[in-house]
Amino acid sequence: MYLKNIELYGFKSFANKIQLTFNNGITGIVGPNGSGKSNVADAVRWVLGEQSAKQLRGSKMEDVIFAGTENRRQLGYSSVSITIDNSDKKLPIDFSEVTVARRVYRSGESEYSINGSNCRLKDVQELFFDTGIGKEGYSIIGQGQIDKILSSKPEDRRDLFDEAAGIVKYKKRKSVAEKKLLEEKQNLNRVSDILSEIEKQISPLEKQSKVAKEFLDLKEQLKIYDINIFIRELEALNKEKEDYITKEQTIQHQIVTTQEELSSTKEKNEALENEIEALKDKIEEEKESLSQSQLNNEKLDNQINIINEQISSIKKSNVHIEERIELLQQKSQSTLNEKKDLLQQKDGLAEGLSTKKVKLNTLETEIEAISRSISTSNQKIETLKSNIIEYLNEISAINNKIQRYETMQEHITIRKSELHQKYLKVSKEEEETKIINEEEIEKYKKLINQINQVANEKEHIEKNLNEITLNKSQNINDYNAKKNKYNQMHSRYDALKNIADQYEGYNFSIRKIMEYKEKADGIIGVVADVVKVKKKYELAIETALGGSIQHVITQDEHIAKRLVEYLKTNKFGRATFLPLTTIVGRNQYTEDKVLKETGVINKASELVDCDHRYNHLIEHLLGRVIVVDTIDNGIALAKKYKQSLRIVTLTGEILNPGGSITGGSYKNNNNFLGRQREIENLQKELTVLNEAIHLLEQEKEKIENQENDFKLKYEDLKINIQEYKLNQNTSQINLNQRKEALQKLEEEKEDIQKEMAELDNQFVEVEENIKELNHTLDQLKENNKKSEEAIETINKEMESTNKSHAEKIEEVTELRIKISSIEQELNYIKTNIQKLNNEYESGIQEIETLEQSLVKHTEDMKEKENQILVLKEKISEGFIEKKEKENQIEALKSEHENKVKAHKNYIQEKETIIERMTLLDKESFRINTRKERIDESIKQQIDYMWNEYEVTYHQSLGLKKDMETNISGMKKEVQKIKNTIKALGDVNVNAIEDYKKLVERFEFLQTQRDDLLEAEEKLLNIVIELDKAMRDQFKEKFKEINQQFNTVFKELFGGGKGFLELTNEEDILESGIKINAQPPGKKLQNMMLLSGGERAFTAIALLFAIQKLKPSPFCVLDEIEAALDDANVERFARYLHKLSKDTQFIIITHRKGTMESADALYGITMQEKGISTLVSVKLIENEMI
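Just so we're aligned, residue 86 is where the sequence shown starts under my numbering, counting upward by one.
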C-alpha cells in the first residue's frame, strides 16, 4: 500500500487544481520560503480528518479556502483528495484503489467521501485505524512537531505510542463500551428510582380504588332519588307558570287601550310645543340682530378713537425726529476733528519703530555667531563623556570576567580531586562484579537444556491444537454466517408478516375493514390476498389492477352493504366491495390473433393463479387487459387495433383505449402482490437454515471435547515450562544486570578520564584569558584619564564666551519689548481711525432716513382725518335701524305667552293617563318577574340534572320510578346519601383506572430492570477483556519500541544510548512516557538541556524506530531536519533510504543533503503572487539516461 497521488483545489495558496503523483521511495518537495510547500502536508492532515484550525496554522476552518489576491477572486470552497494503492488489501475495504476526499464551503458545510460515496468523519478515521496513517498518527510530522514530541509532558505523548502499539482501535472500542455502560447505569438508576416511587404509590392507590368504587355505588343511588324529585318539582312549576300566563294576557289588553289614549294626547301637545319653539327662535333671532346693530355702532366709535390716537402719535414722533437730526449733525463735526489728531500721532510713532528694528537685526547676528561656538564646545564635551562611560563599562566587565575565571579555577581543582576518588572506587566494583558474573553463566546453561526437552513435547501438542482450532474456527464461522443469515431472514420474515397482517400501505378505510374482519363473517379479503403471480409479471399485473388491488371481496352484496354502513357510521372513509354473488366476468376478446402479435405475452387474467371460485372475479378485473413485453411493442399493437385495447407492459406502462399512455416512476414501493410470495420463500429458506445450524452445533460440541483433552495436557506442560522459564528469566535478568553494570562501570571510568583531561585543558585556557584581560584593563584606564583632562580644558575656554552671550541676549530682549509696545500703540490708533470713519458715515445715513420719515408722517395724518368723517356718517344710520327692531320683538313676546298657557292644560291631561299606565305596568312586571323565577327554577333543575348526571327531562322520564314517599321524604334520603359520601372524604374516581395502569407499569419496569442488569454485566466483561488485551499488547510493543529506539539512536548519533520509561508502571494504559537520551561523550541528562539539533535528532530517532518496527504505508515529513547540521543531515538521509524499502516518504525540505537522497523532486513556486504552482523533476529517470 502506498500514496499514489494528491489532488488539491482551492486549498490555502493552491488556487488552481494541482495533482502530485508519487511512486515508492522518497519524494522531495522543495521551494523558497512562503511558496506553499507546507500546505501540501497540511492538505494530507486535513483530508484525514483534522478538526483543529490551529494545527493547520489558521484561526478558523474557513482559512483553508483560497482567500484571493489582488488579481484573483476568493474561491467558494476548498477540496483535497488522496488516492491510495490498496492492492495488498491492508485497508479493510474491498477496493484495490481507495480515494479519500474532503470538501469545505465558506458557508461552513463540510463533506467527506470514500471512492466518491459520501461518508462520515468516523468512517474515514476507522478506515485507517492501526495503520499509522491519520491526523494523530506518526505518518504526518509537521513543522514544530519534532520538538513538541520531546518538550511536551510525558502524558501528552500517549497518542503516538498507542498508534505504534496498535491499541487505538481497542481504546476506541473501550470508550464506546464505557459510554454504553454509563448509559445503561443511568437507565438502571432511572428505572430503579421509578420502581421505588411506584412501590410507594401502589398501596395508597389500592385503598383509593376501593373508596372510589363505594363512592360510585352511592352516586348511582343518589341519581335515582334526584331524578324522581326533579320530575315531581318540574311538573308543579309548569302548572304554576300556566296560571300566570292567563293573568298576563288580561293586563296586556288594558295596557294597549291606555297607550292609544296617551298617544293621541302626546300628538296634540307636541304640535303646540313646536309652535312655542318656533316663536322662541324668532324672538331670539330679532334680539341677536338688535345686539349686532349695537355692536357695530360701538366698533365704529372705537375706530374713530384709534385714528385720533394715531394722529397724536405721529405729531409727537415728528418732534423727536427733528431733535435727533440736529444732534447727529453736531456729532459728525466732532468726529472729523478727533480723526485729524490721531493721524498726526501715527506718523511720529512709525519713524521711531523703524530705527529700533535696524538695531535689533545687528544684535541677533552677533548672538548667532556666539551660539555656534558654544554648541561646538558642548559636542566635544559630550563625545569625551561618552568615551569615559564606555571605558568604565568595559573596565567593570573585565573585572567581572577575571573574577569569574578565578572562581572557575577553584571549581576545576575541587572537581579533579573528586574524580580521582571516584575512579579508584569504580575500579574496585568492576573486579567484584566480574567474579559473580562467571558463576551465573554456568547456572543459565543448565536451565536452557531443561527447557528444550519440555519444549519439544509441547510443540507436538500445539500442532494438534492448531488443527483443532482451525476446524473449530471454520465451524464457528460457518455457524455465525448461517446464524446471522437466519436472523436477518427471520427479521425480514417478521417484518413482512407484520406488514401483511396489518395491511400497511393500504388505504385507511381498507385497514379498518380488515380489523373488523374477525367480528363480521363474510369478509374474504382484498384482491391482493386471493391472487398469486410470478415475480416477473408482478409489476404488470399490479399496474393493470391499479386501485382495484385494494378492493374488498365479500361473500354477497348484503355483507358489502353492511360494511358500507360501518364506514359511514364511523367516518372511516370510502371503499369498493366486490360481492362474489353479483360480480360477473367481462366478454373476452373474440380475436385470438391479438395474442399472436409481436411482444404479446398473454391476457392478464391468464397470468394469475387463484382459487377456482374467484375465476369470474379475475376475468372481471383483468379479462380485457393484454400484457406485452415492452412499451414499443405495446404502442405498435395499440395503433394496429385503432387504440381499442387496454395494454400493460412488464415495466408498468399502461396504454388505455382511446390512445392515452400512463407511465413513469412510483412514489412508493408497496408491492402488494410480491409480499405473500416473499413470505413463503422466506419460510422455506428458514427451515433449511435451521437444520444446517443444528448439524453445525453437534459438530461444534464434538470439536470442543477434543480440544479440552489436549488443552489439559498442554496446560500441564505449560506450567512446567513457566517454572523453568521463570528460573531462566531470573538468571537472564541477573546476567543482563551484571553485564549492564560492567558496561556502566567501564563507561564511567572512560567518562572520568575524559572529564579530567578536559578539566586540565580548561585550567590552562582560563589562566591565558586572565593575562589578556589584565593587559586590556591597563589600556582602558589610561584612555579614561586622557578624556577627563580634555573636558577640563574645554570648560575653562567656554566661561568667557557664555558671559558675553548672556549680555547680548538681555539687550535684545529689552529692544524687542520696546518695539512690541510701539507696534501695539500704532495698531490702537489705526483701530480708532477706522471706528471714527464708521461713526461719521453711519450718522450721515441716519439723517437722510429721518428726513424721509417726516415727509411720510405728514401724508398719513391727512389720510386718517378723511377716514373719521366717513365713520361718523355710518353711526347715524345704525341708530334708526335699532328703533325698528325693538318694536318687532315686543309683538312676538305677547303671542308667545298665549301659547304657553294652552300647553300647561295639555300637560295635566297627559300626567293623569301616565299614572294609570304606570299601575298597569307594575302589575305586568310583577307577573313577568314571577314567571321568570319559575323559568329560572325550571332551568336550574334541568341544569343540575345535566351537570350532575348528563340527563335531559325526556331521558329522566325513562328512569322514573313509583316511590311511595313524598318529595320531603325523598329529600331526607338524598341528604343521608350525601352525608355518607361526605364521610368518605376526598374521592379520586380515577384511582380505579390509575391503579390498574400502575400495576401493569410496575411489572413492565421490573422486566426492564432485569434486562438492564444483564446488559450492564455484559458490557463490564467487554471492558475488562479489552483492557487486558490492550495491556498485554502495549507492554509487548513498548518493549520492542524501546529496544528499537536504542538501536536507531546509536546508529544516528554514532554511539551513546537512548531509552524510554513509563512514568507509572502500575497503570501502563494511562502512564506518561519519558524519553531519556545520552549522546556520545555526554552524561545522561534532561532532554531540555540538549541543544536544539540534538533534541531534533533524538525525536527523529524515535520516529524512525517506530517506522522500522511498524512501518506506515507512507510518511509526510515537513522540514523535520531543519535544525540539523550538514553531517547529521547526511546520516538522516542515509537512514531514510533504509526505511524507504517498507515506507513511502514525502519530505518537504530546504536541505541539500535531503534533496540529493530523493528519488523525485517537486518544486513549489509562486509565479503569480499569492498562488502556488508546481514543477517536477524525476531524478531516477535522469540517472538511467
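Everything labelled a hint here was simulated from the structure, so no lab data went into it. Certain hints may be false.
[To be verified] Ranges of calculated distance between the beta carbons of each label pair, as one might list FRET restraints: (1) Glu523 with Lys829: 43 to 51 Å; (2) Gly749 with Asn775: 17 to 25 Å; (3) Ser750 with Glu691: 40 to 48 Å.
[Unchecked claim] Calculated lysine-lysine pairs in the DSSO-like style (CA-CA distance at most 30 Å, straight line): (4) Lys824 with Lys372; (5) Lys567 with Lys1103; (6) Lys401 with Lys949; (7) Lys530 with Lys824.
Quick reminder that beta carbons are idealized off the backbone N, C-alpha and C, glycines included.
Against the structure, the hints:
1. Glu523 with Lys829: 43 to 51 Å: 18 Å, violated
2. Gly749 with Asn775: 17 to 25 Å: 43 Å, violated
3. Ser750 with Glu691: 40 to 48 Å: 28 Å, violated
4. Lys824 with Lys372: Violated. Lys824 to Lys372 sits at ~147 Å, over the 30 Å cutoff.
5. Lys567 with Lys1103: The given pair, whose Cα atoms are some 24 Å apart, holds under the 30 Å limit.
6. Lys401 with Lys949: With Cα atoms ~16 Å apart, Lys401 and Lys949 stay inside 30 Å; holds.
7. Lys530 with Lys824: Given that 30 Å is the threshold and the Cα spacing comes to 16 Å, the pair holds.
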